[in-house]
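Asker: Sequence:
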Amino acid sequence: METKTVITIGRQYGSAGRQIGRALAEELGIKCYDKELLDRAAKDSGMSQELFENQDEKPTNSFLYSLVMDTYSFGYSSSAFSDMPINQKVFLAQFETIKKIASEGPCIMIGRCADYALADFDNCLSVFIHASLETRIRRIAKLYDLTDAKAKDKIQKADKKRSSYYNYYTSKKWGDVDSYDLSIDSGKMGIDGTIELILKAIQQKEKGYKKPIY
Numbered sequence: 001m002e003t004k005t006v007i008t009i010g011r012q013y014g015s016a017g018r019q020i021g022r023a024l025a026e027e028l029g030i031k032c033y034d035k036e037l038l039d040r041a042a043k044d045s046g047m048s049q050e051l052f053e054n055q056d057e058k059p060t061n062s063f064l065y066s067l068v069m070d071t072y073s074f075g076y077s078s079s080a081f082s083d084m085p086i087n088q089k090v091f092l093a094q095f096e097t098i099k100k101i102a103s104e105g106p107c108i109m110i111g112r113c114a115d116y117a118l119a120d121f122d123n124c125l126s127v128f129i130h131a132s133l134e135t136r137i138r139r140i141a142k143l144y145d146l147t148d149a150k151a152k153d154k155i156q157k158a159d160k161k162r163s164s165y166y167n168y169y170t171s172k173k174w175g176d177v178d179s180y181d182l183s184i185d186s187g188k189m190g191i192d193g194t195i196e197l198i199l200k201a202i203q204q205k206e207k208g209y210k211k212p213i214y
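The letter at position 52 of the sequence shown is residue 52 when you use the UniProt record's numbering, and the numbering goes up by one with no holes.
It cannot be assumed that every hint is accurate.
As the list claims (entries may be wrong) - Once the Cα atoms are required to be at most 25 Å apart in a straight line, the calculated SDA-like pairs of lysine to any residue come out as:
| hint | residue 1 | residue 2 |
| --- | --- | --- |
| 1 | K157 | Y180 |
| 2 | K160 | K172 |
| 3 | K100 | L199 |
| 4 | K161 | D56 |
| 5 | K31 | M47 |
| 6 | K35 | K207 |
| 7 | K4 | K35 |
In case anyone wonders, no lab produced these hints; they're calculated from the structure.
Just need the whole structure built from these sequences, with the hints factored in.
Answerer: Shown next as structure tokens:
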């Protein structure tokens, strides 16, 4: 299946979002950017890759969201950029790279506020993948050979980090249905079923399908 769509995937920890994203990319014959996005951002910005890895989807309280977006929206001088905190530099560089990658053609981007960065891209389909806590505990416990208690702790910490990061840097709420074009319970749909639903959503989007909801 050929596509012109850029798909962004937000995901709860343990919902198989990364696995689904990579399988979907293979099905569509396009690139999938997860950690690869950090590599690209480091190369594009000339900054150390270690900086991006250390700041990856980690919340911060060292500066206001409005300051970040005002700086990005209205441009910034090299001197202003040099005075920014390192986490702000990393965020802006990553934000820039996400837009650049999306401009190059269809692809899949996992996490890192990609849906928000590409809000003005008409060919972007934003997806959020979730599952019940019980389902995710079973998956993570099996995947990492953990007790249910340790798996639950790992899940809660990862989700807290992701939601804090997303809520801080965007004007939307992580996991909220209004924040995405499509929200899917992978626990109920299964990995293959989730991929099939996303493929159908892509097809409908590219057809320009519109039908009154009233």
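Asker: For every hint, state whether the structure bears it out.
Answerer: Now the hints, each set against the structure:
Restraint check for K157 and Y180: the C-alpha separation of about 23 Å stays at or below 25 Å, so the hint holds. A threshold of 25 Å between alpha carbons decides the hint, and for K160 with K172 the separation of about 15 Å falls inside it, so the pair holds. Note on K100 and L199: the hinted pairing holds, with a Cα-Cα distance of about 24 Å set against a maximum of 25 Å. For the hint linking K161 to D56, the alpha-carbon distance of about 10 Å falls within 25 Å, and the restraint holds.
For the suggested pair K31 and M47, the alpha carbons sit about 23 Å apart, so the restraint of at most 25 Å is met. Taking the CA atoms of K35 and K207, the gap is about 31 Å. The hint is violated against a cut of 25 Å. With a C-alpha separation of about 22 Å, the suggested pairing of K4 with K35 holds against the 25 Å cut-off.
Violated hint for the displayed structure: number 6, the only one.
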